[in-house]
Amino acid sequence: MAAAVEDGQFLKQATGRNTRGLLRVIILCLIAGAAVSSRLFSVIRFESIIHEFDPWFNFRATKYLVQNGFYSFWDWFDDRTWHPLGRVTGGTLYPGLMVTSGAIYHLLRALAMPVDIRNICVLLAPAFSGLTAFATYLLTSEMVPSPSAGLLAAAFMGITPGYISRSVAGSYDNEAIAIFLLVFTFFLWIKAVKNGSMFWGALAALFYGYMVSAWGGYVFITNLLPLHAFVLICMGRYSPRLYVSYTSWYALGTLASMQIPFVGFLPIRSSEHMSALGVFGLLQLVAFVDWVRAQLPGKQFQMLLRALVLAVFVIGVGGLVLLTVSGVIAPWTGRFYSLWDTGYAKIHIPIIASVSEHQPTAWPAFFFDLSMMIWLFPAGVYMCFRTLTDEQVFIVIYAVLASYFAGVMVRLMLTLTPIVCVASAMAFSQILDTYLDAKTPKPATENASADTASVAAAAVLPDGLRSTRNPIVGIYSYASKVTVVGASAVYLLLFVLHCTWVTSNAYSSPSVVLASKLPDGSQHIIDDYREAYYWLRQNTPQNAKIMSWWDYGYQIGGMADRPTLVDNNTWNNTHIATVGKAMSSREEVSYPIMRQHEVDYVLVVFGGLLGYSGDDINKFLWMVRIAEGIWPDEVKERNFFTPRGEYRVDEEATPTMKASLMYKMSYYNYNALFPAGQAQDRVRGARLPAQGPELSTIEEAFTSENWIIRIYKVKDLDNFGRDHQSAVSFDKGHKKKRSTKRKGPRVLRVE
Amino acid sequence: MKKEGNILVALSSEHATPSAVQAMLLELDINTPTDKGALVVDHFNYDSTSASEQHDVLLLPFPAALRPDVKNYFAGEGYIAVPRAVCQTLGNESPLLSPILRAPSTAYSYNPKDEAEGVEDPFAVGGQLNLVSAMQANNAARLTVVGSAEMLQNKWFAEKAKLGDKAITTANRDFAQKLSAWTFKETGVLKVGKFLHYQDEGASKKMNTSVAIPENNPTIYRIKSDVHFQVEISEYMNDHLAPFVPSPNDNIQLEFSMLSPFQRLNLSPISQTANATIFGVGFKTPDQHGIFNFRINYRRPFVTNIDEKRQVTVRHFAHDEWPRSWQISGAWVWIGGIWVTILGWLAFVALWLYSAPSEKSVKKTQ
Amino acid sequence: MRWLQLLTASLLPFTALAAKKSTGDRFQDARAKSLSVGHPLQLDDASYAQLTKAPRDYGVAVLLTALEARFGCALCRAFQPEWDVLGKSWTKGDKDAKTRLIFATLDFVDGKNTFQSMMLQTAPVLLYFHPTLGPNAKVDTQPVRFDFTTGPQSAEQIHAWISRQAPADAPKPSVSRPINWVKVITVTVAVLGGITALAVTSPYLIPIVQNRNLWAAISLIAVLLFTSGYMFNHIRKTPYVSGDGKGGINYFASGFSNQYGLESQIVAAIYGVLAFATISLALKVPRIKDPRAQSFAVILWTGVLFGMYSFLLSVFRMKNGGYPFWLPPF
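Protein chains in written order, with this note's numbering: chain A, 18 to 768; chain B, 197 to 562; chain C, 48 to 377.
In case anyone wonders, no lab produced these hints; they're calculated from the structure.
Please read these numbers as outputs of a predicted model, since none were measured by experiment.
Be aware that one or more of the hints could be misleading.
To give an idea of the chain A side of the interface with chain C (calculated C-beta under 10 Å), a few residues [claimed, not checked]: (1) Tyr421; (2) Gly424; (3) Ala444.
Note that CB positions come from ideal geometry on N, CA and C, so glycine has one too.
Input sequences plus hints: build the corresponding full structure.
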């Protein structure tokens, strides 16, 4: 990449615009190629398969869309999830992703290239990452005059692990297209603000609408653009350009976003969207005042007007607060609120706190995902203060906000990544531009060669940064140039190595298929998930209801094609808590719940044999917590801890723990694998009790090769009306005790 | 019995009941006295011909219906002789058990071998004693326990007997026939035929009672739509299927349920075919989307259980099923507002364009 | 919990007479007393036994606590005002005494015997006694126990717990907190004072607010803080630093998703130095007029950049065992 930029610089003087333009296109194509190919590790190493959890739902929805057409997708009532409630899927998802791949599918078919919809879904994210690189180029080019910054930013964006983490081949998730839309919308917005053009504003609104249809993270745009406008107003930089671009974006964008059924009337009813509305109103006021001031010069009158604006603003905010309190405007949703009050989710919404993506980010994760850019980023932000044009203000705001969000939630690293790429590319290209300049200044004279724009800006703005007060001279010695350029090349190389290594090692596992290294270094594929899902598919009736913890709902729906009780779309907390209660209670309590919900099979994930730590026993406390949120008297987290406050599964586990359905299902018959008394749980490193748990209301139906997935069948009511415990003990040969020996008064039959 | 086999167990006081049989019965919550020779004695309803001293041959009328809403399959004329019976008591918790023939209130269980103790602490007394009892498992397998094997013997089929001073002929043949017919599923077996439900598209369409249509039900309904339901039920009578008629105080009920029933409706007979009654009902689906079941759960003593369900999906309104905006009178204000705004803007633009040059000239002069 | 029966049995002889006489009035007495003192009743061993004696047609909620400083029960003292608020607002809100619930407090100093008989090791503990007579009676005479395992609770949380224990049909007076006038006045005065101060000092403040360097510094500090995991420390409440067991100090926590407070500050400092070196190279060095000074600056900053980056990589390798890349010095 560095070499390419060098070429671009050398050719600048020699040839005309066309060559440079062509070169730029070629470089961008190469970047896109690199971006796509670095995301193909998983396809090469495993196979063309959908990854993880959410993508399985998106894949299933896409298949439905392709098979049944758009309108029936729009009205889709999914009766195979959330049994027996069902889910109004068409109205509760962001359809952008599915519609995009559906459109691509039909387009390719129209071009006589029949491609399997699965391959489109698998490769959609890499394809869009190429587009994202292009959009980043455009955005960065708007920020600084140097074209190399744009190309560098595109290259950074193409291979940075922070973005790859959500866009490898097979990671068919909303983020796959949403990041492209995010960056592109920002580009259009910057373009609109710069030109004061209604056309660019409308385009921004259009892509904003697309973004709304694709990802819930659109709220980030909804708040960032008004904030930008607001800061510009506060800085006294109101201009008709801002007015035109903001109003056209807001009016059209809001209308566009309201077309999505899932969003509906939220843009005018919920707190998250109120800032956009408030700034819209403020802008009208400011525009009015501006107009009046132009008409009537009069110092006193201006003061009055200014006071009026302030008063109206305060009253407006007060009114909003009042409306929120009275319930007309919905308060912030839990997910959004937990971004500000970081302790909120842990207390009030365990279901949000339970997701690993919602944990705060430690510094190694930042470095892991962004590598060298993490320290170029502040430098780039600082450089924005040099001239501080309207669009550079945007970068500063974006940078500060996004780094806060990324610090609070791991998954929001994704929104931070584009701005990091842009800012660090600005910093890096500044260095390269300075030190790759072939001209050497004469020591005596002050003819600054490069960056006339910044000189002019420094002259215009007296309150510039301290570091840019003196005029630019240039670099004198070739030795310094070579040193700096050489070091930069090393950093860039290291960056590429880092990105490739991270991508290949951390972000290319489908998590449906696990890989482990055998002692001889060869790769061993652990395919228990699919083994179990296909078992379900082939051995159970079409309508057999599967109960499992919600993590696996989408995969069961996608791979096994069986109805589930709960899935990763966690819209109904009570239903999830019901499953949690069934899992964490005694069999006698769970059985009526399972009967009521018509459960046929129960699926648990158990990693004890293999040492797979993401299993259900480790997630068990969340089930307990969520169930406790609804039934605080029946499920108590306290009872799952030993008196010394430990969470144990061995001999000293609490009676509640040992009696819980989840514990029993996980360890049922596990003893049989080991010599007597030697049973060992390799995840928790615990030796299990010699006597394994007994099950009576359910029976083992299937256990996968490495015991990762265990499926149990729920028994029907006993044929002879007994409870299951006694039926099991009878079948084992224990006779019932004679009831005549019973103490107390004889029970007479009433009928 | 797990494989739907039927058993008729006959006990006799002369032989000790094998412990395996006892344990089996106990598992089903039927208690029998442990000691060999225990038998039922009644000092009032005995047959004075054959057991004038021992009082251990009971003469009883045919049993009445168990409850007012239960059909009686063992009704008959005359008296049944029950000689030297082993009694059973039934557990109270299992709804699957039902007594067929109960001892009269004056009877008690008594072991002639150890007299003193037996009378003081009888195994059971009166109506708690069952001489013949039945158990019907959830899969409709049947088990009948007959307390006295002798009552099924030829000897007692039409024997002369004397109840008090009255001379009668026992009707054991009739009773034994009914008992075995019931036990081996020749009577009291219900069969569900077609299970139909369909959307009611309008008042003009009559309820479909034709036999020829196969069961071809829709799988999805919309909320708040009219649905009709009908089911054919027939009863097996010894050798043929006959239309099933529930007892007068009883109703077959349809549940339309998701987790709990949203509708629970009595089915009314609509018509009869040669061998089935068609029950039907119409209702409106609730305002709640989800996966529902049409379910008939009919469990009565002595008839086989009906537990049939069909799963259907009830979906929400599709985007084009809502009333259009102009059909809602409350929306006229808003529609009017929209059009006024549009027209006003057009008028303003027209005015602006028309007056633009003069405006410019005014500004210039200023 | 056999202690209750034992207790009742042992106390029965000498309370029997008194109890006979005042059984009907025990509730009214206690209620009147509690109303007059304005907070939950203070009990001792005898009155505790008397109040919670088995045949009773009212419920009792007793907080067993240890308020004195020498017991060092911070939780008890933290919860006591909340408990008083709850007891007061419940008893007051319950005008017709329909809930038939008494709030009481038993301090360890007054009730050593009770504590011993229950073998209580910890405080506070909240007990709820169901009525044993009357329409809402429960057969189970043992009290329901609430352990403060999850830390101090607010009056509302305990209110919810008691409401769950209390009969479903009884009214549940809600918690009403007295308005803290001092706080209201302080806040008002502070806000007004702040506005006045702003208005007076605005000629001096505005240049500061409009200073670009200041804003640049604020933004950079924010960015550096957040990217070095400050929010992680804040949310997870990580320790600032920890010992290594041999008297030394561990600056870096082991494990990829784990860190110490000091660690994140060190990392922020590294980032800051790196960013500053970059800025210097990009913006300051080209502006130096003296060629020799410029060469020196280039060498200096390049060296600093290289060294720091190398150090950063080595620190990262410490956190992430399998990381294969490094730069020479470290």
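Right, here's what the structure says about each hint:
The beta carbon of Tyr421 (chain A) is positioned within 10 Å of a beta carbon in chain C (closest approach about 5 Å), and the interface hint is therefore held. The beta carbon of Gly424 (chain A) is positioned within 10 Å of a beta carbon in chain C (closest approach about 3 Å), and the interface hint is therefore held. With a least beta-carbon distance of about 6 Å to chain C, the hint placing Ala444 (chain A) at the interface is held under the 10 Å criterion.
Of the hints listed earlier, there is not a single one the structure fails to meet.
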